[in-house]
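These protein sequence lines are chains A and B, in that order. Sequence positions in the first sequence follow UniProt numbering and run 1 to 270. Sequence positions in the second sequence follow UniProt numbering and run 1 to 266.
Source of the hints: derived by calculation from the structure; they are not laboratory data. Quick caveat, the model's predicted, so the values are computed rather than measured. It cannot be assumed that every hint is accurate.
Label pairs and their in silico Cβ distance ranges [said to hold, decoys possible]:
#1 R9/B / A130/A: 49 to 59 Å
#2 L99/A / R90/B: 22 to 32 Å
#3 V41/B / L99/A: 38 to 48 Å
#4 T32/A / F87/B: 19 to 29 Å
#5 P240/B / A249/A: 16 to 26 Å
#6 R14/A / P240/B: 52 to 62 Å
#7 A247/B / L122/A: 18 to 28 Å
#8 L99/A / A208/B: 28 to 38 Å
#9 Y21/B / A55/A: 29 to 39 Å
From chain A, some residues computed to sit far from chain B (all C-beta separations above 12 Å) [unchecked claim]:
#10 D3
#11 A11
#12 F17
#13 T33
#14 M35
#15 D94
#16 D177
#17 T214
#18 R230
#19 G231
#20 V242
#21 A245
#22 T262
Straight line, CA to CA, 25 Å or less: simulated SDA-like cross-link-like pairs of lysine to any residue [claimed, not checked]:
#23 K262/B / Y23/A
#24 K262/B / I249/B
#25 K262/B / V97/B
#26 K264/A / Q20/B
#27 K262/B / R9/B
#28 K264/A / V184/A
#29 K264/A / Y21/B
#30 K262/B / R24/A
#31 K264/A / F25/B
#32 K264/A / D94/A
#33 K262/B / T99/B
#34 K264/A / L100/A
#35 K262/B / A26/A
#36 K264/A / A26/B
#37 K264/A / R22/B
#38 K264/A / I249/B
#39 K262/B / Q25/A
C-beta atoms are modelled at their ideal positions from N, C-alpha and C, and glycine is treated no differently.
Next come the chains, spelled out residue by residue.
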Amino acid sequence: MADHALRTGAALARAGFRRFSTYRQATIAGLTTNMVFGLLRYYVLLATTVGAAGAVAGYDLAQLSSYVWFGQGLLTVVMLWGWTELSDRVRTGDVVADLLRPVNPLWTYLATDLGRAGYNFLVRMLVPIAFGAIFFPFYFPHAPATYPITLVSTALAVVVCFGCRYLVNLTSFWLLDVRGAMTVWLACSGVLSGMYFPIAFMPGWIAAVLQYATPFPSMIQTPIDIYVERGGLGGQLLRLLVQAAWAVAILALAHLVQTRATRKLVIQGG
Amino acid sequence: MDEARPYTRMLTAQVRSIVQYRTSFALDVTSQTVFTVLDIVTVLVTFHVTPTLGGFSQRQVLLIGAFTAFAFALADLTVGNIERLSFYVRTGLLDAVLTRPLSAMGQLLVLDFAPRRIGRVLFATGLLTTMLTVNDIDWTAWRVLLAVITPVCATVFFSSVFVIGASVAFWWIDAGQFAHSFTYGGRDFTTYPSNIYQGAFRRIFAYALGFGFVSYYPVLGLLGVPDPLGLPPWFVWGGPVVATAAALIAAAIWRVGLRHYKGAGS
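Extracted from the complex, chain B is given alone in its bound form (with noise of 0.2 Å):
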């Protein structure tokens, strides 16, 4: 208990420091929110358009996209801060960092938590719940099962884009863009069914990468449809694979990135 006393106190002087420009931070959440909400936007407008997308009606890809906006969210509010890592190592504060007797990790964490992401969450959550609801879905003890774990494992899996993404900059400093294809984009990727993709792109994205199992693979399996890319349906359970799989080079790369890093030289 006394161990996570620090953060807690750090973590209370961020969001009191935060909430004190009050007209900011309202608008901050509102839009913040408003962000998720424009990317299921995108998708009616897109099925505004076209009946179906690859092969799926409009409620079985706001299922999908909907896993992954709760997943992303959550992954942005806890881990997503991560991002300003790069800031650090820039301007030296990550030296600061590492002389205090507490973990960087958890630090950089607490240190720039952004309680505005907050809204994203409950309205992502709002919506799974609804497409879990308005889908055909003959639920078994398995599918529940599957329901239940597929938000937590995306979760960690975008947690450890996240990390991944911004150790780049241990080595590579102005690179913060590059993270974005990964975890935005690969946000934007799991909001459609990976079957739309094609070539070499989905190959590397849905499968080398593991983007596939966040959200895509797992509905198969909730829908009860078989693969329109013809994998066996056991594939529908490689979340937990993945993303004990990404948490793990996820570590590995930070602990490298930690000890590669020299200081700022000041």
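Only chain A is shown next, with the shape it has when bound in the complex (with noise of 0.2 Å):
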């Protein structure tokens, strides 16, 4: 049983990873956007540098500009904007069809989205890497073990934005036009999670909230701040535990809401 799940599992994920595989214009489009969007940041972040005179909140500039090009990456690797698909299903009512198949939507979306976060780790997270490695100052991690630490905390960080997007989604099935919710997730998940600056910048105890009380820096700001080896192994492990408790809490929230969603629906159905 747990070995046929696996199986199907892995078969959504390699279709997820060649369904987006087949956008080349896309990949090509999008990869000059996050060169774009990485040097209008580098920039200001350099100028910080300059005003602050050197480090600034704990990073030096070679962290800084790591954490822009990381970040442009895994915008991207862990689809924080831009995700719809469950909700139109839900507006069509083609989401019944989801619903009626033997596996729980929740882990057939969670299988296909993992496909494509391996597809966009490959092209759109490790291109403007090394475009910030090759042309700028670059922080190459001392220990070897914060390589496989920082892997597990960027599927970490899928899990998590994928569980984020499938709630805001899922409020489709009360709203019908998810479009509002949508745009209040834009505006919290691009400033709350590390996307626009480093959540260090802001006062101490506003940081201290959002990376424990809230899923968003789990996203984008945990996997950069382990990769930059900030705090250490341990604060490397502590950030894990936080990332691994919220993809467990998050992951646990949706399905809930979804089954509450499906009792829902088969009353509006009739």
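Both chains are sitting in their own frames, so use the hints and assemble them into the complex.
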């Protein structure tokens, strides 16, 4: 049974990978955009190090630069923005077909999303990082263990982000039009996840509340902080733990909300 | 007057259909406004870790950002939905638009008019007024003129960038993201003083593409600060020049693109 579920998951992940690797034009256009936004963020952060004379909020220039290029890559790997597939299917009623399948749609979509993330990791993440490493100051981790920990953290970031997106999409069972909820998500996720600026730039207590009490930094900030080795091995493991806790909590919540949503759907359908 | 009637009717229909979903619309207006607020918060947070940026104080940078926020919000409200062109091209809906005896551009603008963006314009107006007041500006007749034409030119400029960016869809259908480099990228570029950027990146964005004249040079003129990049003072009047050039280029590309369009084959 477990073996069967795993194989289904793997097949879905492969399909997700292939689906996104088909759009080459979109990939090239997206990469260009990542570079431009990376440059925009890099120069602003560079200017802060000049104004503040050296390290800013505990980051040196190489770490900030890595922060920018890593972040531009992560943005597409976790797919922070622009996923409305589930809500589109709720609005059109196609979601009924998803619910009739023997696999819970939460896991179907998660497996597909992991495949998509895998493709984006190879192309959309490694290219901006290589660009940053070649042309700008770049931070290379001192401890070899940092590489595997970063990889695990990136995977957890995908799961947390997927869970949040899934929850946002689920609201369309109640609201029908997901745009409002989606815009709230866009606004929060950008600024609170560390996408626009490292959350350590904010006053200490706000950063701490965000880090532990909200899932947002787990999607962008955490994998990068782990990569630039903030707080050494202890800091890395603590961050990983917080991230894992959020991954479990968000998936459980998504599962719960979906159960409630499908009950409502039955009532609507008579 | 009669010529405008079909457009106003389509516009009213569009606004009414959007306002139908009340909760969603209210959330939408609020959070769209929040976006512009967050852009400004980003500037504030940046100044939390550094006293100056490129030699400019927080107020001065916010004045630059306020001109940009206002112009971008107004251009986005009026012309921004031209971004949907790629959707019309891909689905072939553009065929339907072209068969009607109305202008294609006019139809696209009213068909997808997004009233939710009004909140941003209001917030940006307040911000710009505040920043013009709190900054130390020695008001002369010339500076008043500069303060008046800058938002107008910047709005025309951003509107043209939206049209040029959207026109890419006539040739390159999946490239919507590419245009974002110059629309949203241009907005981000012009939120900060141009002298913080370096090398080829600055030369391309500030001068070749003209973004430096959207808010950076006009604000230098208002503050009476010499350009750290060494350009002569009359460059602060570059706004109308780049706005006119951008508008002409946008009109040309749009026409060529529309003629290039061959339909979805349906």
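These are the hints, each one checked on the structure:
no. : hint                        : in the structure
1   : R9/B / A130/A: 49 to 59 Å   : 53 Å, holds
2   : L99/A / R90/B: 22 to 32 Å   : 29 Å, holds
3   : V41/B / L99/A: 38 to 48 Å   : 40 Å, holds
4   : T32/A / F87/B: 19 to 29 Å   : 21 Å, holds
5   : P240/B / A249/A: 16 to 26 Å : 55 Å, violated
6   : R14/A / P240/B: 52 to 62 Å  : 56 Å, holds
7   : A247/B / L122/A: 18 to 28 Å : 42 Å, violated
8   : L99/A / A208/B: 28 to 38 Å  : 53 Å, violated
9   : Y21/B / A55/A: 29 to 39 Å   : 48 Å, violated
10  : D3                          : 38 Å, holds
11  : A11                         : 26 Å, holds
12  : F17                         : 18 Å, holds
13  : T33                         : 5 Å, violated
14  : M35                         : 8 Å, violated
15  : D94                         : 18 Å, holds
16  : D177                        : 4 Å, violated
17  : T214                        : 16 Å, holds
18  : R230                        : 15 Å, holds
19  : G231                        : 19 Å, holds
20  : V242                        : 22 Å, holds
21  : A245                        : 27 Å, holds
22  : T262                        : 21 Å, holds
23  : K262/B / Y23/A              : 22 Å, holds
24  : K262/B / I249/B             : 22 Å, holds
25  : K262/B / V97/B              : 13 Å, holds
26  : K264/A / Q20/B              : 22 Å, holds
27  : K262/B / R9/B               : 29 Å, violated
28  : K264/A / V184/A             : 24 Å, holds
29  : K264/A / Y21/B              : 19 Å, holds
30  : K262/B / R24/A              : 22 Å, holds
31  : K264/A / F25/B              : 23 Å, holds
32  : K264/A / D94/A              : 16 Å, holds
33  : K262/B / T99/B              : 13 Å, holds
34  : K264/A / L100/A             : 16 Å, holds
35  : K262/B / A26/A              : 21 Å, holds
36  : K264/A / A26/B              : 24 Å, holds
37  : K264/A / R22/B              : 21 Å, holds
38  : K264/A / I249/B             : 53 Å, violated
39  : K262/B / Q25/A              : 20 Å, holds
Of the hints listed earlier, those the structure fails to meet are numbers 5, 7, 8, 9, 13, 14, 16, 27 and 38, in rising order.
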